[in-house]
Structure formats: C-alpha cells, structure tokens
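Visitor: Please take these sequences and the hints and turn them into a complete structure.
Protein chains in written order, with our numbering: chain A, 68 to 356; chain B, 68 to 356.
Heads up, a few of these hints could be off.
Pairs involving identical chains hold if they fit within one copy or between any two copies, as the list cannot separate such chains.
[Unchecked claim] In silico SDA-like links for lysine to any residue, alpha-carbon gap of 20 Å or less:
#1 K93 to V228
#2 K93 to K127
#3 K93 to A167
#4 K84 to Q208
#5 K127 to P201
#6 K127 to A200
#7 K344 to G310
#8 K166 to P150
#9 K166 to S83
#10 K161 to H194
#11 K127 to D197
#12 K127 to Q72
#13 K161 to F103
What the hints contain is simulated information worked out from the structure, not anything from laboratory work.
Number of protein chains: 2
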Amino acid sequence: MDVSQRIEKTLESAVSKAGGTSCPPKLAECLKYAVFPGGARVRPRLSLAVAQACGDGTPKLADAAAASIELLHCASLVHDDLPCFDDADVRRGKPSLHKAFGEPLAVLTGDALIVLAFETLGRHAVHAPDRLAPLIGVVSQAVGGPSGICAGQAWECEPSVPLDEYHRAKTGSLFAAATVAGALAAGAEPSGWRRLGECLGEAFQVADDICDHVADPDVLGKPRNQDIANDRPNAVQRLGLEGAGQSLQALLDEAIESIPDCEGAQQLRTVIAIQSKPFMPKGFTRHAA
Amino acid sequence: MDVSQRIEKTLESAVSKAGGTSCPPKLAECLKYAVFPGGARVRPRLSLAVAQACGDGTPKLADAAAASIELLHCASLVHDDLPCFDDADVRRGKPSLHKAFGEPLAVLTGDALIVLAFETLGRHAVHAPDRLAPLIGVVSQAVGGPSGICAGQAWECEPSVPLDEYHRAKTGSLFAAATVAGALAAGAEPSGWRRLGECLGEAFQVADDICDHVADPDVLGKPRNQDIANDRPNAVQRLGLEGAGQSLQALLDEAIESIPDCEGAQQLRTVIAIQSKPFMPKGFTRHAA
Numbered sequence: 068m069d070v071s072q073r074i075e076k077t078l079e080s081a082v083s084k085a086g087g088t089s090c091p092p093k094l095a096e097c098l099k100y101a102v103f104p105g106g107a108r109v110r111p112r113l114s115l116a117v118a119q120a121c122g123d124g125t126p127k128l129a130d131a132a133a134a135s136i137e138l139l140h141c142a143s144l145v146h147d148d149l150p151c152f153d154d155a156d157v158r159r160g161k162p163s164l165h166k167a168f169g170e171p172l173a174v175l176t177g178d179a180l181i182v183l184a185f186e187t188l189g190r191h192a193v194h195a196p197d198r199l200a201p202l203i204g205v206v207s208q209a210v211g212g213p214s215g216i217c218a219g220q221a222w223e224c225e226p227s228v229p230l231d232e233y234h235r236a237k238t239g240s241l242f243a244a245a246t247v248a249g250a251l252a253a254g255a256e257p258s259g260w261r262r263l264g265e266c267l268g269e270a271f272q273v274a275d276d277i278c279d280h281v282a283d284p285d286v287l288g289k290p291r292n293q294d295i296a297n298d299r300p301n302a303v304q305r306l307g308l309e310g311a312g313q314s315l316q317a318l319l320d321e322a323i324e325s326i327p328d329c330e331g332a333q334q335l336r337t338v339i340a341i342q343s344k345p346f347m348p349k350g351f352t353r354h355a356a
Numbered sequence: 068m069d070v071s072q073r074i075e076k077t078l079e080s081a082v083s084k085a086g087g088t089s090c091p092p093k094l095a096e097c098l099k100y101a102v103f104p105g106g107a108r109v110r111p112r113l114s115l116a117v118a119q120a121c122g123d124g125t126p127k128l129a130d131a132a133a134a135s136i137e138l139l140h141c142a143s144l145v146h147d148d149l150p151c152f153d154d155a156d157v158r159r160g161k162p163s164l165h166k167a168f169g170e171p172l173a174v175l176t177g178d179a180l181i182v183l184a185f186e187t188l189g190r191h192a193v194h195a196p197d198r199l200a201p202l203i204g205v206v207s208q209a210v211g212g213p214s215g216i217c218a219g220q221a222w223e224c225e226p227s228v229p230l231d232e233y234h235r236a237k238t239g240s241l242f243a244a245a246t247v248a249g250a251l252a253a254g255a256e257p258s259g260w261r262r263l264g265e266c267l268g269e270a271f272q273v274a275d276d277i278c279d280h281v282a283d284p285d286v287l288g289k290p291r292n293q294d295i296a297n298d299r300p301n302a303v304q305r306l307g308l309e310g311a312g313q314s315l316q317a318l319l320d321e322a323i324e325s326i327p328d329c330e331g332a333q334q335l336r337t338v339i340a341i342q343s344k345p346f347m348p349k350g351f352t353r354h355a356a
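Guide: And the structure:
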C-alpha cells in the first residue's frame, strides 16, 4: 500500500467508527465532510515519510500517528472557518462546514475530530503500548496550550502579536509534531527530528502567505488576500514578495540539512524535495493542504 | 489529602501547565476561568470514589483520570454556552466565558481543554503505562462520536430526537466514563462499574430537569426553564414533577445496588448516598456541577 492509501484508509476507518450506527446522522455526515476529500495531506505524508526513514517498524502505529495529526488539522480548519474567526465561505474548494451544515454542527465536528485524534492513537497503541504516552504528549503539545494551534489562534485575540511565536504555534507546531511523532511511532529517538518539522512548517507558512497574494482563488480552494482582510501578520507584507521567496528557499534547504542520520535519510531528502515543489512560488498548482 | 484537594490540585497543575509562560495571556486566563471555581465536581468525585473503593493503588493516575473527566465537562459547558447553542449569559454564578472574553476565546478554550484532558492522562500514565490506552478509549468514547457528549449535543440538530439516546450521550456517557475510568485507573476490572455511572448520570439529568423547573436561579447559578426556552426534551415535561421525583429515586436505588463487590463497596454506598442528597427535589442547595 502506498503512503496515500495508508493515510486515507486509516482516516476512513477512524471517521467511520466515530460516525457509526448510534451517531446522529448529520454529525456523521459532517465528520466525513470535514476530512474527505482532503487537501494535499502534507502533514500526515511528512509523518509517514519520517517513520519510513526510521525503518517503519510499527506501520499501524505510524498510520495512527499520521491520521491523528491530519484529524487535528481538519478540526482546526473547521473551527478557524467559523464566523467568529475567518467566517470563511469556502474550504478545499467547497462550502466551509458551517456554511453547509450550520454553526452548531461545525463546533461539534471540530470537537469530535479532536477527540477522534486521541482515540485513534489509543486504539492503535496495542502495537507498541510504551510509545502511547510520548505520542499523546507530542500531539497534545502541538494543538493545545501553551504553544500549540489553540495558542497560536488565541494570539489573534491579543492587542499585540509576537510574530515568530504566533507562526510557530499556529502552523509550525503541528509540522514539528508530524516529524517527531513519525519517529516516535517507528521506535526511533525523536529529538533530532523536530527541526525538520519546524523548518517545513515555517516554509509552508511563508508559501501560504505568498499564495494568499498571488494565486488563483480557484486553484487555492479559498479566496485570496484573506490575511489582509483579517489583518493578520503575513511574510509578504513583512519581507516583500522576493524576500519571502528567498526565505522559503532557505527554510527548505535548512529542512533538508537537518535530517538526522538514519537508514532512509537519502530517500527522505528526495521525498521532501519532490513534495515541497508545489510550495514554491512558481508552481502554485497543488498547494491546498 | 482529601478528595476535593486531590481534584483541585490536579486541575490546577494541568491548567497552569497549559497556560504556562508562552501562552497568550487571555487564553491562559480563560482556561482558569472555565475550570475555577468549579461546581460540585460531581464527576471527578465519583471517579475518585470508585478508585478508592477499588483500593486506589495508583492514586496519581486516578487523580489524572478524574481531572481529565472534569476538564472535558468544563469544555462542554463552555461550548454549550456559545451563542449558536444555548447562548447562556451565566454559568456557575458568573458570566459565561464568551460573555466575559468573547466568542473566539470561548471556542479556543473549549478546544484547549479537550486537548488538556488527554494530555493530563498521558502525562500521568507513567504510573501505569499499560492502563493508558484503555483510559483513552473510555474517555474518548464518552465525549466524541458516535455516542459521547458531542453526539448527544448533535441530536439537537436533527429533526427528531431519540430521548434515551440523547440523554445517554449528552449526560450519561461522562458519568459512565467517570466510574469506569476510576476502576481502570486503580487497576480493577472495569466492566462491572459502567451501570453505576449510567444510573447516576441519568439521575443527575432528571434532577437537573427538576431543578430547571423549580429551583431559585441564584442557587442554580444559571437562569431557570432553559430547557423549555431551548425546546429541549425534559423529564418533568414527560413525567410530571412527581413522576420525575420517583424516577430519580429509583435511579439512585439502582445505582447503589449496581456497585460490584469490592474492598470499599460499603463505604462507596455511603459516599453516594451522601453526595446524591443535593440531587433530591427537596434540597436544591448544592446542585450546580
């Protein structure tokens, strides 16, 4: 099974369990709507790529870690799109969840997806029970307080925003969790893997900022210039378009260089180079994640 | 340390870690606001009472299980109070979180509390790592889909509501998780403990319905007749006030009878009899949970 199939299969199994027989039908429909069809699945692909580079000794747990990270990403998209945040009409090329199903179901779907992420980790930990607590630690740190996605989003409610902290929490944290969890799930020493995720997360954020300025909204799957409309910090505003492009390239180079010595390091370098192509300013054809 | 101190100390430790140094100050404040001061802490007290009845062999893990259940309860209150659900002005005798801090922080606080519940379990699992996966399973089942709190709330978005399923998911599930998790955390066989939680959860729901009709709003900590205002199913409407009182008594009797044979069974019966007094129709002096 290739990486995409592993990710989709694990997500399908998780979502269909959560939306099972006794589930209110609309909530079950919303859970599917929020997760399928996905974007580029950048984070779970990265997580599995790291697990593979580390030997992929416990593939089911690696699949669960990758899926839990994508479920948390989907939850954050559903809640970010709510009227009290971005009030986005469109997500991944279709109406945002609250536009399609209403605000109550959008709140509940996000909540249920957060729970499902942890449930999925717990369910697959039978393959290596001693790795569950560290995985829970890494994943929860990436999404909760004091410096996960919730914290990143909450900076927008403060009178002044520390830019680096904001981006690190809102985007970088889940990328860092993706690489660390991939290594952990495979039974490797995880500490050396954080920088790779951080660099790619920051690169992804810069690429997103560039996209927000230049890309075709139909390709993007959402309206452009959302950051300016929502008065959010943006790398292009800060560095100019050319400066942002240079920053993006430097981050991708640092990412590649940061990869720890391991069995599959060379292959991982190739995978990252290929997968980051759509990030780059000249080719915004496959950007939505 | 008595049960209340154990609960408050574990909650304080969890909330202060989540709201630590790098946390946006308002989110840190909101996390505290949502959890302290608590209501009667019915669910974590129940969970710890069961752990004690089972010998309380791993008290730190029992504390974590109890705290995780209360954190999830607090998260559900914050999200339930949002304008798209109850639009409640008051909770636990003070302004609801979104009234005090705005809707974006209320959504994020609920999300961060859900994450914190699982993080807390993971952090304390070092005391008995093999119990973490079953604890995650029990707790996530109680709050996510297909039949946890999110599912219970989502029934309100359906054209017709199966009453028993609705109450079981919205209230009963977390009580059942409280008893099962208490047993699990103490290393006891958990299956016999579910009925106790289910009965007490149902009793609590009926008591809440009675309160909603007759109690003084100042004592209640929230406005009365909320169910009627929100067109929600209610035991008093269904059974009349006297019928609801009888149903409550029967559920409490069944709860006491369901307690499995264990070291501390007799003491647990006494604890439950004492703690359920404020549930009863004549004494609504300490009801808010």
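Visitor: Determine for every hint whether it applies to the structure shown.
Guide: Cross-check of the supplied hints:
no., hint, result
1, K93 to V228, "between (37 Å within a copy, 12 Å between copies)"
2, K93 to K127, "neither (30 Å within a copy, 39 Å between copies)"
3, K93 to A167, "within (11 Å within a copy, 31 Å between copies)"
4, K84 to Q208, "between (25 Å within a copy, 11 Å between copies)"
5, K127 to P201, "both (16 Å within a copy, 18 Å between copies)"
6, K127 to A200, "both (16 Å within a copy, 15 Å between copies)"
7, K344 to G310, "within (18 Å within a copy, 68 Å between copies)"
8, K166 to P150, "both (9 Å within a copy, 16 Å between copies)"
9, K166 to S83, "neither (23 Å within a copy, 36 Å between copies)"
10, K161 to H194, "neither (37 Å within a copy, 46 Å between copies)"
11, K127 to D197, "both (15 Å within a copy, 18 Å between copies)"
12, K127 to Q72, "within (13 Å within a copy, 40 Å between copies)"
13, K161 to F103, "within (11 Å within a copy, 40 Å between copies)"
The structure does not agree with the numbered hints 2, 9 and 10 stated previously, though it agrees with the rest.
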